[in-house]
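Asker: Next come the chains, spelled out residue by residue.
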Amino acid sequence: MKFVNIYATFSALFARMSSTGLDTSNELAPQSPLSFLDSVLRGIGQVMLQNNSYTGFIFLVGVFYNSVILGIAVLIGTLASTATAILLGTDRADVRAGLFGFNGALVAIALLYFLEPGILVFGYVVLAAACTTIMMAALMTFLEKWGIPALTAPFVFTTLMFVLASARFGRLHSTGILPTAGLPKAATVEGIVTASTLTEGLFTGVAQVFFQGSAITGIIFVVGLLISSRAACGAALLGSLMGALVAWAMGADEAAISSGAFGFNCVLTAIVFSRGFFVLNVASVAYGLLAVVSTAVVFAAMSAVLEPFGMPALTSPFVLIVWLFLLASPRFLRLRMVAAQ
Amino acid sequence: MKFVNIYATFSALFARMSSTGLDTSNELAPQSPLSFLDSVLRGIGQVMLQNNSYTGFIFLVGVFYNSVILGIAVLIGTLASTATAILLGTDRADVRAGLFGFNGALVAIALLYFLEPGILVFGYVVLAAACTTIMMAALMTFLEKWGIPALTAPFVFTTLMFVLASARFGRLHSTGILPTAGLPKAATVEGIVTASTLTEGLFTGVAQVFFQGSAITGIIFVVGLLISSRAACGAALLGSLMGALVAWAMGADEAAISSGAFGFNCVLTAIVFSRGFFVLNVASVAYGLLAVVSTAVVFAAMSAVLEPFGMPALTSPFVLIVWLFLLASPRFLRLRMVAAQ
Amino acid sequence: MKFVNIYATFSALFARMSSTGLDTSNELAPQSPLSFLDSVLRGIGQVMLQNNSYTGFIFLVGVFYNSVILGIAVLIGTLASTATAILLGTDRADVRAGLFGFNGALVAIALLYFLEPGILVFGYVVLAAACTTIMMAALMTFLEKWGIPALTAPFVFTTLMFVLASARFGRLHSTGILPTAGLPKAATVEGIVTASTLTEGLFTGVAQVFFQGSAITGIIFVVGLLISSRAACGAALLGSLMGALVAWAMGADEAAISSGAFGFNCVLTAIVFSRGFFVLNVASVAYGLLAVVSTAVVFAAMSAVLEPFGMPALTSPFVLIVWLFLLASPRFLRLRMVAAQ
Chain V
1 MKFVNIYATF SALFARMSST GLDTSNELAP QSPLSFLDSV LRGIGQVMLQ
51 NNSYTGFIFL VGVFYNSVIL GIAVLIGTLA STATAILLGT DRADVRAGLF
101 GFNGALVAIA LLYFLEPGIL VFGYVVLAAA CTTIMMAALM TFLEKWGIPA
151 LTAPFVFTTL MFVLASARFG RLHSTGILPT AGLPKAATVE GIVTASTLTE
201 GLFTGVAQVF FQGSAITGII FVVGLLISSR AACGAALLGS LMGALVAWAM
251 GADEAAISSG AFGFNCVLTA IVFSRGFFVL NVASVAYGLL AVVSTAVVFA
301 AMSAVLEPFG MPALTSPFVL IVWLFLLASP RFLRLRMVAA Q
Chain D
1 MKFVNIYATF SALFARMSST GLDTSNELAP QSPLSFLDSV LRGIGQVMLQ
51 NNSYTGFIFL VGVFYNSVIL GIAVLIGTLA STATAILLGT DRADVRAGLF
101 GFNGALVAIA LLYFLEPGIL VFGYVVLAAA CTTIMMAALM TFLEKWGIPA
151 LTAPFVFTTL MFVLASARFG RLHSTGILPT AGLPKAATVE GIVTASTLTE
201 GLFTGVAQVF FQGSAITGII FVVGLLISSR AACGAALLGS LMGALVAWAM
251 GADEAAISSG AFGFNCVLTA IVFSRGFFVL NVASVAYGLL AVVSTAVVFA
301 AMSAVLEPFG MPALTSPFVL IVWLFLLASP RFLRLRMVAA Q
Chain Y
1 MKFVNIYATF SALFARMSST GLDTSNELAP QSPLSFLDSV LRGIGQVMLQ
51 NNSYTGFIFL VGVFYNSVIL GIAVLIGTLA STATAILLGT DRADVRAGLF
101 GFNGALVAIA LLYFLEPGIL VFGYVVLAAA CTTIMMAALM TFLEKWGIPA
151 LTAPFVFTTL MFVLASARFG RLHSTGILPT AGLPKAATVE GIVTASTLTE
201 GLFTGVAQVF FQGSAITGII FVVGLLISSR AACGAALLGS LMGALVAWAM
251 GADEAAISSG AFGFNCVLTA IVFSRGFFVL NVASVAYGLL AVVSTAVVFA
301 AMSAVLEPFG MPALTSPFVL IVWLFLLASP RFLRLRMVAA Q
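Protein chains in written order, with the numbering used here: chain V, 1 to 341; chain D, 1 to 341; chain Y, 1 to 341.
FYI, nobody ran anything at the bench for these hints, they're computed from the structure. Worth double-checking, as some hints may not be accurate.
Here's a subset of chain Y near chain V, in silico, CB distances under 8 Å, partners left out [said to hold, decoys possible]: (1) Gly89; (2) Thr90; (3) Ala93; (4) Ala130; (5) Ala137; (6) Thr141; (7) Phe142; (8) Lys145; (9) Trp146; (10) Leu164; (11) Ala165; (12) Arg168; (13) Gly170; (14) Trp323; (15) Leu333.
Where a beta carbon is used, it is the ideal one built from N, C-alpha and C, also for glycine.
Chain V with its partners taken away, still in its complex shape (with noise of 0.2 Å):
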């Protein structure tokens, strides 16, 4: 009973913030426009999982600011992922929350990051927003049965899904930043990191939730996080250091640890901690640092594994360790959930 309760709430944490106002009773009813552009923008702000509109505004411009096109794919991806959760009549509530947005923005903004952009990835690209959808909701279902989140599941697999079948689809072209398949093999430490190698990656590895390589754009979301929550800016900004800081203690490559790679899923990580489940003690700070610390590990390995196909790790290291990290909380005493209490 007491764990049922403990995971009742986290996925009533997670899961509805924003149902003020709603009416949900009817969920086939049409929905206007202004709803469904919030919805968009909600969907948006839940790529660093914040249920926020202005938030995700500030998000479309910092990735504007850095690339059109990318822009307007992560408006067409938010877009047909949650049409097509208001379509098939999907949950009103999770609709407005935004959370059948954010998978539908981040595979968007992927395929047109790995494939030359034409009529046919663009339509490739609204299938595999649409594909999000229908597996956010498989997922809920398989995971309510534990209380925790999809996250950004469904953006990892559809994303890996569509962009290896392109490896079999002639006209579908890569854009060439695709990391190259080989072998994995071992590593030497390369470059010096220095201050600016730090500074560099600690505003990149915000950036780089949305694929975007550039420090102001990493400033421009820094300010859209702090709209939404203080505590949700200061988790990302130590989220990505720490990243920044294991990769460096470990000898990691210079390059990427200033181009933010091994800071996005730390930033993750460290968001989803800093959002109050646990009575803040010395446990449950030490258990969001070691998931932090883990993550960026967890990073380096994914990125190893994926290299014989040819495919980077998005945020497979975020979902992985999260999973595990909430999972296994309810069996830690000394980490006593807030709303428990």
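Assemble chains D and Y onto chain V, guided by the hints.
Answerer: Coordinates of chains D and Y only, in the frame set by chain V:
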């Protein structure tokens, strides 16, 4: 509660379709030779989800038409997995419905397709078929929490394990039909797709469910489906055609399209959606079409993922897509279950 | 209801075997040094599923006999994972039974086997051992729905992640013992298997559970098992022999057989089946033998699957096979549970 009912409906529809007149009061009583033969033929029919012994018999004829040794393989595999289920005391109604036969049939045909026959290999086939029965039971227990069926997952997993293991076993020799192990690389459009490509692909797509690259065998299978269900027969043809069309649109290799490689998974997905779970409306038709199109994309992806291992995708795309779409469906209010009304 | 009872029996048998005289009323009370030492030794014993501190001590002696550094690794790993469990406030009876020790022991020995020792590596080992505790708790929560145990899955997953990550970390250096990354290719029969191959393989198979390629260490381990359980001791030897015989029959490399590579997973599977869950009858003995033989095949398969990543199979075959056979067992009426009678 609503979810539970919906899932129970799935389970019931999938698992029990043939228990008319069965005495299940004593699972351990000896089975008559005739009812055992009936279980075996239904097991062959279940390869395309048909609980019908006549259909199973026609499928067997279709395989023998194209290859005597693979016809023998189908018999041995279905016998071995069904007998294992009976000897261990499995629920008689499930055995009678052929649920412990189809994975055995498929694993046997796959092993004798990929490995040079010999006494050792026949023993290996029987061992593998017995393992599919264990795995079927394991997956039934695992998946019953969500009320979704195991499908051909035991076949996929067991075949991959037993073929991969041959890389360590010097007395097992590959037939040379396995894909060459290699790293994924970019595709180009190869060959010109004509009406004859599509016509041949249409029927070989159905035949490839049993690893048969023969349009005539495909036509025999279509007749077998027609006996059991007009809806399944139409869905199989539509699925095969859609798989070929998606592959064509995306620029897949002409030879792969005409060989039915893009068809067989779509055939199986389409048959599942033809079974009348959902009330027929725009949403349910669109949902089914989306599932079939996604199956073709995931087939391309899975064959790329398995390339470094030199392994074929088998029916893994069908299993993945159907699991996801069934898990997701209760969250979509526009998809109303027929049986839940 | 019947299933629930059966599963509860599994859980109870696996999880609590040592709570005699424990005061579990306060999980957060400080633990005495002696009971902590006892937990650590039981953790080492649990590597072969023995909740017995004497057995754990003898296993430790066996490792030290062959390698001082790996003996130290076992101590550090078990200490670190057990201490993490205590600091986070885990159920005291589980900690006392060594359930939070064995994965830490194994991950530490694996990392110091595959990576050159150094201060950074020792920190890495402690981090990895702490992660096995999180993953153990996570899997316990995940798997309790089916009442099956986590086994060494936390060790397998954590080791793969932490060793794979070294491909990105320039300050971690491989010892050169890892398999060379490559694409799977056909095997030929190499070397001639003699009575000496089988005798050596019999004992090194037991030793390889702790990564020790020494027949003497294997004999010490056998003595350790004998102290705890005659059934476990006999099962370990039978499992090791069967693994070697299956490998021989299939034409595996002679050097792999004599090194115990085909034995250690079969040892563990056999020990699980020796624990008396099922009433002893023809079906349950056949079921156990099928599990052991399948473990040898899956070992060959997993080592081929992991070849492109240059990673070893570890105990993944044992985990997969035991999960499948335990999940499946309630559906087989001829396998009657002892405790359910």
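Asker: If a hint holds in the structure, say so; if it doesn't, say that too.
Answerer: Each hint, compared with the structure:
At its closest, the beta carbon of Gly89 of chain Y sits 3 Å from a beta carbon of chain V; the interface hint therefore holds under the 8 Å criterion. Because the smallest distance between the Cβ of Thr90 of chain Y and any Cβ of chain V comes to about 6 Å, under 8 Å, the interface hint for this residue holds. Given hint, Ala93 of chain Y at the interface with chain V, is violated; its Cβ is 12 Å from that chain's nearest Cβ, farther than 8 Å. About 6 Å separates the beta-carbon of Ala130 of chain Y from the nearest beta-carbon of chain V, less than 8 Å, and the hint is met.
Because the smallest distance between the Cβ of Ala137 of chain Y and any Cβ of chain V comes to about 4 Å, under 8 Å, the interface hint for this residue holds. Checking Thr141 of chain Y against chain V by beta carbon gives a least distance of about 5 Å; that is within 8 Å, so the hint holds. Using the Cβ-Cβ criterion of 8 Å, the hint placing Phe142 of chain Y at the interface with chain V is satisfied: the shortest such distance is roughly 6 Å. The beta carbon of Lys145 of chain Y comes within 6 Å of a beta carbon in chain V, closer than 8 Å, and the hint placing it at the interface holds.
Among the interface hints, the one on Trp146 of chain Y is violated; its C-beta lies about 11 Å from the nearest C-beta in chain V, farther than the 8 Å criterion. The criterion of a C-beta within 8 Å of any C-beta in chain V is met by Leu164 of chain Y, whose closest approach is roughly 4 Å, and the hint holds. Hint on Ala165 of chain Y holds. Least Cβ distance to chain V is approximately 4 Å, under the 8 Å limit. Look at Arg168 of chain Y: its Cβ gets to within about 4 Å of chain V, closer than 8 Å, so that hint holds up.
Proximity of Gly170 of chain Y to chain V holds as hinted, the smallest CB-CB distance being about 3 Å (cut-off 8 Å). For the restraint placing Trp323 of chain Y at the interface with chain V, the shortest Cβ-Cβ distance is roughly 17 Å, beyond the 8 Å limit, so the hint is violated. Checking Leu333 of chain Y against chain V: minimum C-beta separation of about 27 Å lies over 8 Å; hint violated.
In this structure, the hints that do not hold are numbers 3, 9, 14 and 15, in rising order.
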